[in-house]
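Next come the chains, spelled out residue by residue.
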Amino acid sequence: MSALLDVRALTKRFPVRGSERRVHAVDDVSFTIERGESVGLVGESGCGKSTLVRLVTRLLDPSDGRIVFAGRDVGVIPPAQFTHAPERRLIQMVFQDPADSLNPRFTAFDTIAEPLRRLGTPAQRAALADHVAELADLVGLPRELLGRFPHQLSGGQQQRVGIARAIALRPRLLVLDEPTSALDVSVQATILHLLAELRDRLGMSYLFVSHDLNLVRLLTDRVLVMYLGKIVESGRSEEVFDRPAHPYTRALMSAVPAPDPAARRARIALVGEPRSPIDPPPTVCRFHGRCPDGVERCTREMPVLRPGPAADHLAACHFGFAVGAPAQGSGARRSGGEPAA
Amino acid sequence: MSALLRHGRYVLGENPVTAVAFGLFVVLILLALVGPSLAPHDPLASDTARKLEPPSARYWFGTDQVGRDILSRVLVATRLDLAISLSAVTLSFVVGSGLGASAGFFGGWTDRIVTRVTDTIMAFPLFVLAMAIVAALGNTLANIVYATAIINLPFYARMARAEVNVRREAGFVEAARLSGNGSARILTVHVFPNCLPPMMVQASLNLGWAILNAAGLSFIGLGVRPPTPEWGIMVAEGAAFIVSGEWWIALFPGLALMLAVFCFNLLGDGLRDLIDPRRRT
Amino acid sequence: MSAVPLMSVEDLSVEFRTRHGVVRALERVGFSIARGETVGIVGESGSGKSVTAFTVLGLLPPAGRVTSGRAVFGGLDLLTASAGQLLEYRGRELSMIFQSPRTALNPIRPVGKQIADVLERHANLPRARRRDRVLELLARVQIPDPERRYHAYPFELSGGMCQRVMIALAVACSPALLIADEPTTGLDVTTQAGILDLLGDLSRTAGMATIMITHDLAVVAERCDRIVVMHAGHVVEQAPARTLFARPRHPYTARLLASTPRAGAKLADLTPIPGAVPDLRGETTPCRYRTRCERAAAVCDRPPLPREVVAPGHVVACARPL
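Protein chains in written order, with my numbering: chain U, 1 to 341; chain Y, 1 to 281; chain H, 1 to 322.
Every clue listed holds true.
Some chain U residues flagged as far from chain H (calculated, every beta-carbon gap over 10 Å):
id, residue
1, Glu-34
2, Pro-122
3, Arg-243
4, Val-304
5, Arg-306
Calculated Cβ distances over 12 Å to all of chain H for the following chain U residues:
id, residue
6, Ser-2
7, Asp-6
8, Ala-9
9, Asp-61
10, Asp-64
11, Gly-65
12, Ala-85
13, Leu-119
14, Arg-143
15, Leu-202
16, Gly-308
17, Pro-309
18, Asp-312
To give a feel for the contact side, a few chain U residues facing chain Y, derived at Cβ under 10 Å:
id, residue
19, His-84
20, Met-93
21, Asp-97
22, Ala-99
23, Pro-104
24, Gly-120
25, Ala-166
Rather than coming from a laboratory, the hints here were simulated on the basis of the structure. Just so it is clear, CB atoms sit at the ideal spot from N, CA and C, and this is done for glycine as well.
For reference, chain U alone in the conformation it holds in the complex (with noise of 0.2 Å):
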């Protein structure tokens, strides 16, 4: 059977005010995501990722690439016309900041409803009400809060809220954009074996967005890396995670904070800003000048996605899996990779 979502060479850049230059913000990226598989998407602010998943969920037009999506090309489909595609209901979305994501004039019950009343069937617009109970008792929303407003809502209440109303016509693919970074770790937790339940009930796919990758660990099955408009590594998440192939990659392991004072890391402090993603020169590796294990070849050749040893384990480094790879890079593959003791 073919992948659930099929993204082909996608490419969008957006044009510079006043000037012929283009912001290139996702530049050639291939992925797939099979029917109930997980998939993280790590990156920092500015990498692309919020494009991506907005090209994804059809909000963006692309300028370049397919999105195929169970095997039609909803990419050529403009935005205004997705809106009535039936796949429109099959694809949605739970956003980061639950408080701006919640339209402050509607209630609970209103934003749950929004989606069955628009795109629902007509059974579903019959039995509204019920709907919606059913969708909260989902959630863990408790009923009585169904009339509140979302002010009236604690953040976690909010997320669940949205999470309702992204899962109300049960879509095939749902993407997570960071649901958890506005939350209290109390509540992450709560809303994470949420979303797990959730996935293993209504078989969903999800694309789970966020730039901590402990985690991007606990729900994906697979994970991307993108830095600066480009997929710089990819993978099941156990084998990304425990040898990391990319600078980046391990530079991003070996930042995030872990909460046991003894495991005090090797941390690979990156240097300097990141590149321009304006018009930048198709034969530098975008990492060039904050890696730190570049080397002249890294200005002359664009490295792209090679395979490793393991099956299915991909990273654009001229370094990535040669056996000469640079040496602080295996030493932070050990102290940060491996579970704290």
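Following the hints, put chains Y and H in place on chain U, whose structure we already have.
Then chains Y and H, alone, in the frame of chain U:
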């Protein structure tokens, strides 16, 4: 609904100035509705034998130069003045915020056209523009309303544009799109209602201004025609008599005008508190 | 720890007057910090960690009122000090950095000038030397190319850069104590690591004490000497960092630890804390964690809240510690 009432009581209780403004507003509306039947005399009946009488037990506000009862005229004028300003403000609110909201939401050429039009209107001294419109279209009640609406239009358009613009990229707008809403529905159902609180403040401030504008047009002879009772004309007619000591002719309609403007200006903040669900707990 | 702490907060209680009654945001909060020490204050939102910082700095909003307690800093009680005294202290002896650096900076003034303004106000430095000192400070917070950044406006800098500028502002007059309120929330992990490293360096090299306020236990684990855990306006546990992480004694601390994701953990290892921070209006139970606590028993309802010293420097506010 009871939550709304409770909230209303809270807003008024916390803020006595708002309570006073609301009280005054209710009085004004009541006068507009039942003013004519409260009037002790016929506001149009002249009695030259009793002209220019100072305030007395019989004529509380005195009489004017042709012997009409000023109290009756002030009371009866409330309806006309409120009607002109309310309809003018409603008209400019609807048209202005519609244009401004579309400009802010869709951007591009819609935005460019709306911005140019409002800038052009703003380039004129507004009162002179209103005068020109009434002079050109003819001196009717409807034209006074149109003129007042047109000169107020840019304020609503600009404000709606700015308010919509900051919400255009909000998460709940994207969420609405994912829920199957088209652009028009997102703008009218999701974005615009959230812009209402600040817009209401503007509308309320504007009501006072619209009353002054209508009165001003009448004052210079371009608005409502005598002998119709209207605060602006009455002030204009009375102005000539102030020097000769008959102060009451201009004072009482002027006072009514001032109170109305004062009331609308104070009303704004209270209205915003009432209409904003985030201030309700 | 030296005998006389740099700052000691004792018995601090703060109330807020709201529409729906009085909220007792802090109740008998106490902790101290020694010269050069780094203390982390950790808690969920609503735990009162930021209120504590604001109160100490004299920045409590008008609805808030200190009902008891002292915050002694260099022999002066900050809570009863005059506005003038506080103004002298803030910026020179006591400094603060905030969660959103971009909004804390003046958007229409070059960042170099903003640092110079602080020097002008608090440091006795001739005008000609000020610029050099600002460049020195920018270099010290590891901003590349300080000459150029001197003239940059906040909007031209990234979030991490803005936070570095804020830190330069805060340490401009070499304060004895820096209070950092969620200094890295909203920043990327790599930027966060850089900022935390910088704060660590500054406190080591300048002997500056730091209070780090955060909701994320992981952030303070590696960087703090001591940790104060707050819940619903109470200090529930304080201990040296290693002790706290190795052997938490308060049920809440243990739960908080268990809900923090760590490298290599599985989702099943991550356990949420049941319930929510209790409503702090009106009367509350002596232990405010009682309703969420799986160890709660009748003894927990008996006032006052116990404060048991279980080991040197390790205090637990629990009748039935782990």
